[in-house]
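Visitor: Chains as they are written, first to last, in our numbering: chain A, 32 to 447; chain B, 32 to 447; chain C, 32 to 447.
If you are wondering where the hints come from, they were derived from the structure by calculation, not from laboratory data. Be aware that one or more of the hints could be misleading.
[Unchecked claim] Straight-line distance between alpha carbons at most 16 Å, and here's what the computed EDC-like set of lysine to aspartate or glutamate pairs gives: (1) C:445 - A:444; (2) B:445 - A:442; (3) C:445 - B:444; (4) A:231 - A:426; (5) B:445 - C:442; (6) C:445 - B:442.
Only a predicted model underlies this, so the values are computations on that prediction, with no experimental measurement involved.
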Amino acid sequence: MENQITTEITNNLFTINNLWMMIATALVFIMHLGFATLETGLTQSKNTLNILFKNSIIPAIGLLTYAIIGFSLMYPGESFAGGVFGFAGFGIGTDAAGLTSSYNIGYTYWTDFLFQGMFAATAATIVSGAVAERIKLSSFLIFATIFVALAYPITGMWKWGGGFLDTLGFYDFAGSTLVHSVGGWGALTGVLFLGPRAGKFVKGKIHPIPGHSIPLAVIGVFLLWLGWFGFNGGSVLSADPGLVSLVFVTTSLAASAGAIGAMATSWTFLKNPDLTMTLNGILAGLVGITAGADLMSPADAIAIGFIAGVIVVFSVIFFDKVKLDDPVGALSVHLVCGIFGTLAVGIWGEKAGLDQLWHQFIGVISVAAFIVPFTAIIWFILKKSIGLRVSAEEEYSGLDIGEHSMEAYPEFEKVS
Amino acid sequence: MENQITTEITNNLFTINNLWMMIATALVFIMHLGFATLETGLTQSKNTLNILFKNSIIPAIGLLTYAIIGFSLMYPGESFAGGVFGFAGFGIGTDAAGLTSSYNIGYTYWTDFLFQGMFAATAATIVSGAVAERIKLSSFLIFATIFVALAYPITGMWKWGGGFLDTLGFYDFAGSTLVHSVGGWGALTGVLFLGPRAGKFVKGKIHPIPGHSIPLAVIGVFLLWLGWFGFNGGSVLSADPGLVSLVFVTTSLAASAGAIGAMATSWTFLKNPDLTMTLNGILAGLVGITAGADLMSPADAIAIGFIAGVIVVFSVIFFDKVKLDDPVGALSVHLVCGIFGTLAVGIWGEKAGLDQLWHQFIGVISVAAFIVPFTAIIWFILKKSIGLRVSAEEEYSGLDIGEHSMEAYPEFEKVS
Amino acid sequence: MENQITTEITNNLFTINNLWMMIATALVFIMHLGFATLETGLTQSKNTLNILFKNSIIPAIGLLTYAIIGFSLMYPGESFAGGVFGFAGFGIGTDAAGLTSSYNIGYTYWTDFLFQGMFAATAATIVSGAVAERIKLSSFLIFATIFVALAYPITGMWKWGGGFLDTLGFYDFAGSTLVHSVGGWGALTGVLFLGPRAGKFVKGKIHPIPGHSIPLAVIGVFLLWLGWFGFNGGSVLSADPGLVSLVFVTTSLAASAGAIGAMATSWTFLKNPDLTMTLNGILAGLVGITAGADLMSPADAIAIGFIAGVIVVFSVIFFDKVKLDDPVGALSVHLVCGIFGTLAVGIWGEKAGLDQLWHQFIGVISVAAFIVPFTAIIWFILKKSIGLRVSAEEEYSGLDIGEHSMEAYPEFEKVS
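Extracted from the complex, chain A is given alone in its bound form (with noise of 0.2 Å):
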């Protein structure tokens, strides 16, 4: 009798860790939306429709190809090689041990997958942002694709499965690194390979090209910040309620303090209250806290989210310096606030130290000398082949006719 009655605590313990971890799914699911419309938002009318065709496929391609390969790619158990690479086998299936607590006392083997998928898909859509507006579809599909299926999951797997990152002490609670660096890196060779849009910078001047729906961007990044209760509170792997609250508690603060962050920044340096700033403050906040977020005490949290949120704004200044034109500010937010949020956990928090803070700097330089190189080839070799960018013309008339022969808004009068 007390043998049952064990268990049945033990199974009711289980069905609420695994409801947390599927409603984290969902709302993971919905940064997608947050991502096409906040990326949409940033960009011009004539190139809606296909960001938007992009994006709605994004998920789509994440999520069949971590069911086909990338889950065991991520997750490979023992099948280790050195701690870098590891495979499981093609395909996903279960028997009942994995839908019960004897798998995981957090969730069933179909919510670790679907969790984990949602997560894949979004290093993709980092990609998107950046390339937007110049980048031909078919290239960018497949890009996505080899993207998603195997470069995500193999340096997610240094670390949340059990590799070499792991074993060296690197932290990384919900991935600044291992998802918005990774998804950064791959959005710098994107911008490298591919060049500015025409227009951007002409004469060694730079000359804004303004998102053509405000409302859009917003919706976006209240979906992301939405969802990122998901990503970082999902990553808890269970309803804990001390530690998702926390991490409730950080995520949100670290993106309040971005806000103000790059709100003061942009008033005070650019002499104006920027929106578009503001919002990229917030995500970088987001961002920023990632690494850390069930680390941090509140003020530690309201410290990492306003410095990120003054980072963003000088990073957004700083790539259109050097010419490298990222319409939506994406290397801004997930590259360089990925980076310093995984640096932030040997600055602040529970882990901090000069130890922790080198052993995070591993990690980073890790994870970009793989995914560096990885992605300059796979631009590389459909630059060569099938050509990465469209036509001047098509660029000029915008990629919704020249790649999907339709408009987003053609009842709409543009300004000419």
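Fit chains B and C to the supplied structure of chain A, relying on the hints for placement.
Guide: Quick look at chains B and C alone, frame taken from chain A:
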């Protein structure tokens, strides 16, 4: 003491199950916003306010009629007439037992009512898309009220209320037939009675009428996918970890495969990576998996979703060929893929077999045999009394001005 | 052994309750996006970026000030001055007890802080709608900061922090008074100090200034209804199955009846099925049920919602008549229906009675007696120092250019 412990354990499980069902209710609620933005995006801006009016008032009508009559028509308990009709009396209300696990191990009476009520209203929303841009507001509101109050709960009872289709062995997990094809048949009769929009079919040629806002359409599809986690996941009727998480996986993989299926089909046969087809492919996959989301393996779900995505493209082309004008593709998504998904239960998964396929076929036919004449009679009476269709002048200038004396976007210049 | 079992059962329940409270927190968070899109949709496109700036920064200001001062003003514990003021010291922080059920049977300290903090910021958002399209950005930000940091938590403490209104028997389940009319009174004084928008009232005539995007307004109302599941449902402060599900039902039925009430009223008296009135009817029903959502039967909820829906239409007409210019109807929805909902606790439901009605009346008056002069003083000081209102030229050309040097829709041609 032991009894008390067992009671507390049972109560805890009840609280968990009920929590999930309430969250699922909120997710199904947000599908109404998904339908609203999808329909709006795929239609012309001169009818936007009218469409949004209908979509905003439908949940209100749905919940109120479900409280007054629908819930007790759909779940009549013992008061049956041969499994085809039952009624437990007007209104809702409960005593203390309805709020504890003595009512149901999964959820309270209130949760039961609200979850089912949110489903009810979706059936009317499906119709609203197909008849958009030409139907009189008053006629639609009368139709929608009768449809949700009577047609949906009566056929719903046949399976979910323990009626004759349930006895027969018909299976419909979350409503490929009971929700989607019910709405689809009502949409079909509506389209037949209304006729096509002016300008859609001229001298034997099909003139596409593009939607005015692709971002709204994309927002709609993502919100529908999100809501489907509650629609299908909630149909488990408890937070059972293995079953709910399997349903999340099959639902998401079917949606993903539907996107790929529709993209591939449109790219191959229409020579165009068509976004609205791809979006409808996602919905096709979701509708297709709905009848058997708890019975399928991941591979089954991918097969069903992919085929639904292929079907939806050819179905849209077919309805255009036979001059049935459906502005948003509701017939293809909800009726055709609803039937396909229902039959799929006999072809793939745990229940696959010729017997089951026959039961599924009987279910499809039975529902059609009731909904088609029932809705035809309502449309007929409305047509002969207050009229179904707005005047040609009103259709030309738009239903926003005609029915509401307001515009959806009064400030923006239109392409003339 | 038995003790350990009992502890584990209690811990499980704590984990469930805390999970619901965290999800409710996320739902209240998304209300900020609802307010943002609603306000944007109902105003002119030349002020869109400015409105979205305010709505994006308010949650940040709200959470940070709540962390620094608001939370400990609102829940001061023992440190009272006669039930009208208390303060538990600057900052937040907790020891281990705050993370277990020893803090509270419903949730952790962190969850408590974040749920309450999300509420706090909504009060400022209510004001932002009423003063839109003419207020200086800097003045509004200063007002909002003081309002959320001081005014909201001080009056909130009177009831929810165990202050004198609580002792008196005043009841306000989720804040018809403590949130909505607090915001509403601040909005009223703001409207009085600012005066109407140029062109709204000319030579004794009322000139409607239509909103620029009905889809954004509809998105806003649906997100607010969704968020209200957390706002009201979370105010149960646990996942109690019977109570939370009742609150879901009363909340949804009141919203539905509000929609019908406002539709019927506008159709009958204004000869027009007015969508913005219907949307405000939904919100009116939601605000109206908020004070007693846990006390009402379904029939009570329908009555309260319907009456609120009728009231809101006449209230909007009234404020126009008396030349108080409120671009989004915030006074009618939040102030008038907030008061109605508070009084409704004395008229319908479990606590109905003259005594209770009197307590409710005292609560309404007490809050007004503090908020009106408090906010009037802030507005007065701002008016005399940095000024409240933008210049006539800036108002004419729009606050987007005037305050932010950017446009929300730079690519679309405007009707001239």
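Visitor: Are the hints correct? Go through all of them and say.
Guide: Checked hints:
{"no.": "1", "hint": "C:445 - A:444", "result": "holds (8 Å)"}
{"no.": "2", "hint": "B:445 - A:442", "result": "holds (6 Å)"}
{"no.": "3", "hint": "C:445 - B:444", "result": "holds (5 Å)"}
{"no.": "4", "hint": "A:231 - A:426", "result": "holds (12 Å)"}
{"no.": "5", "hint": "B:445 - C:442", "result": "holds (13 Å)"}
{"no.": "6", "hint": "C:445 - B:442", "result": "holds (6 Å)"}
Comparing the model with each numbered hint stated earlier shows that all of them hold.
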